[in-house]
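Protein chains: 2
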Amino acid sequence: MAEMVKVAVDAMGGDNAPLEIVKGAIDAVNECSNLKVFLVGREDDVNGALSGLTYDKERVQVVNATEVIEMAEPPVMAIRTKKDSSIVKGMYLVNHGECDAFVSAGSTGATLVGGQVIVGRVKGVDRAPLAPVIPTLNGASLLIDCGANVDAKAHHLVQFAKMGSIYMENIMNIKNPKVGILNIGAEEEKGNALVKETFPLLKNCPDINFVGSVEARDLPAGVADVVVCEAFAGNIALKMYEGTAKAMLSVLKKGFKANILSTIGAALALPSLKKSLKKFDIKQYGGAPLLGLKGLVVKTHGSAEAVEVKNSILQCVAFTEANISEKIRENLISE
Amino acid sequence: MAEMVKVAVDAMGGDNAPLEIVKGAIDAVNECSNLKVFLVGREDDVNGALSGLTYDKERVQVVNATEVIEMAEPPVMAIRTKKDSSIVKGMYLVNHGECDAFVSAGSTGATLVGGQVIVGRVKGVDRAPLAPVIPTLNGASLLIDCGANVDAKAHHLVQFAKMGSIYMENIMNIKNPKVGILNIGAEEEKGNALVKETFPLLKNCPDINFVGSVEARDLPAGVADVVVCEAFAGNIALKMYEGTAKAMLSVLKKGFKANILSTIGAALALPSLKKSLKKFDIKQYGGAPLLGLKGLVVKTHGSAEAVEVKNSILQCVAFTEANISEKIRENLISE
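Chains V and A, in that order, are what the protein sequence lines are.
Going by the numbering used here, the first residue of the first sequence is number 1, and it counts up by one from there.
Going by the numbering used here, the first residue of the second sequence is number 1, and it counts up by one from there.
Simulated from the structure, these hints should not be mistaken for laboratory data.
All figures in this text were calculated on a predicted structure; none of them were measured in a lab.
The list cannot tell twin chains apart, which means a pair is met if one copy fits it or any two copies do.
Each computed DSBU-like pair below joins lysine-lysine, with the alpha-carbon atoms no more than 30 Å apart:
(1) Lys178 - Lys253
(2) Lys253 - Lys275
(3) Lys178 - Lys327
(4) Lys190 - Lys203
(5) Lys123 - Lys178
(6) Lys257 - Lys274
(7) Lys175 - Lys246
(8) Lys190 - Lys175
(9) Lys279 - Lys253
(10) Lys196 - Lys246
(11) Lys178 - Lys279
(12) Lys82 - Lys196
(13) Lys254 - Lys175
(14) Lys36 - Lys23
(15) Lys253 - Lys278
(16) Lys82 - Lys190
(17) Lys253 - Lys283
(18) Lys283 - Lys190
(19) Lys203 - Lys123
(20) Lys178 - Lys283
(21) Lys178 - Lys153
(22) Lys190 - Lys123
(23) Lys23 - Lys283
Using the sequences plus the hints, can you model the full thing?
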């Protein structure tokens with residue numbers, strides 16, 4: 001029998017907490033027989049959300065945490081002072097080895113800070129990047145880093161490339177993943193100072209399959225499996241992806257509702273359109289992993305509903321079973 | 001009678017040169033009675049493209065240029081050595097005061113370099129930013145800088161904010177335009193070192209209407225009229241906008257063609273969908289102006305067809321008539 005994977009879940013984080021979070025966690029438990037979840041949050045609220053749900057009680061544990069870190073709180077201060085918050089307590093479960101991973105739909109800042117400070121980095125890792133898997137026309141790409149380390153240095157980006165390659169190879173089953181660097185032109189001499197410094201380092205790195213620059217325009221087409229970037233640029237790319245898709249959908253909806261013909265047309269076309277657009281649903285891959293930590297930390301969307309929470313938790317199972325943290329340690333320690 | 005505006009056009013630049021470029025120029029001449037165009041390029045090719053077109057011969061002049069700067073050529077070297085190219089010759093027409101503006105669908109790099117080196121900056125302007133107008137859900141925003149000055153400094157970004165405000169107020173008729181800074185969070189303490197340094201400078205700048213940080217996610221919704229950014233980040237945002245829109249349209253097309261019902265639905269809905277999506281056509285506003293120069297330089301898409309070329313030329317007329325370069329000089333010189 002496969003070993004039990006233990007995942008701590010921030011039951012209080014996100015717009016739909018605790019109901020959708022708890023529901024997603026239970027769905028994950030019911031889908032995966034070697035998973036145990038630790039629901040961290042206000043006991044009464046969590047138990048209330050659990051009532052009526054059917055699940056194996058041996059594999060669901062409620063951990064009381066009386067405080068909640070709000071979205072707008074300054075993250076460093078929140079992690080330091082709210083010792084009894086769901087994020088701090090959940091991360092300590094990983095730090096103490098009681099859990100393998102932690103999932104939160106709550107404050108991104110607090111999750112990033114807590115990951116670095118409480119869970120802690122794997123030996124050899126200088127910075128832990130936030131690395132969401134984004135859907136592309138021909139599959140998916142890992143965009144690494146999307147917000148954890150602004151103003152990172154060239155050698156950090158090289159570590160991101162290695163960690164990203166390990167993740168895509170083991171979790172997404174892509175052999176010898178293609179690594180590109182996010183840039184403003186295809187040629188080697190293009191870019192800002194950071195990209196120009198990083199490019200030759202990636203080119204000469206024997207552990208990765210470097211394919212050169214990736215222009216943002218080509219990112220949605222899926223030209224590379226791992227796209228390395230500094231966190232500011234990566235965050236702009238990711239948010240622009242989400243914002244443009246959202247704006248276009250709202251324009252389309254308006255177009256469909258414009259007149260009687262378009263409304264009928266919409267009704268006929270909608271089933272296959274929805275199927276087609278599902279490809280672009282950024283939520284299908286769960287949340288964004290924070291890589292290079294001693295246990296996995298996954299930041300899922302603040303607006304996450306049960307299915308995204310479930311996918312994020314199952315992502316933790318795959319990560320733990322593939323032993324990614326240890327693989328990262330082995331790869332980076334030999335630098 | 002309004003004064004004649006003279007626009008030099010790179011007849012050899014872009015994928016559809018010279019035919020579409022020449023056609024767009026002639027369309028502009030036929031639409032605007034106080035416009036004269038100078039078609040710069042290989043005389044025979046340009047005359048060939050002109051044959052069969054009807055226009056006022058007094059307001060169209062062919063300027064022979066025997067060389068062409070290719071897209072892949074290193075820009076600085078190309079500008080320096082190809083003295084008889086359409087880009088260099090066209091820009092000298094502006095430099096010598098024979099033309100008010102220059103439009104090219106050719107090499108972006110050469111156009112940016114030539115703008116700075118040949119046309120020259122207005123007194124007081126330290127960097128000339130590339131500033132496309134992008135469509136948003138509620139109108140349009142100026143994204144400044146999108147590629148001309150990577151690794152710019154905080155005080156350059158403040159100048160971009162001022163120039164962008166003048167442009168949007170005078171060309172797009174937006175009173176007291178809202179200026180935001182592209183950032184990775186809404187709060188003042190968010191951002192990379194450059195944004196943190198720039199934010200208070202913008203906040204304390206009396207000449208602009210600063211509204212704070214703009215997240216990339218909210219950019220397509222049109223939350224600010226002028227969005228200030230360093231060129232690397234701005235280029236990522238712009239290209240991600242174009243790339244995502246393109247990818248989504250290809251997914252939609254596939255969805256429409258999936259089965260017989262969706263095909264019928266598409267036929268019914270398409271007219272109003274197209275009308276709706278037209279809002280998002282980045283080409284409707286012409287090309288991207290390079291601001292802060294002694295004359296206007298407009299970089300239009302490499303794939304530009306006649307209508308985009310025409311819009312870019314008419315944009316030059318509006319710019320010249322509104323006396324933007326002089327307004328920028330007056331505003332920045334008083335710093």
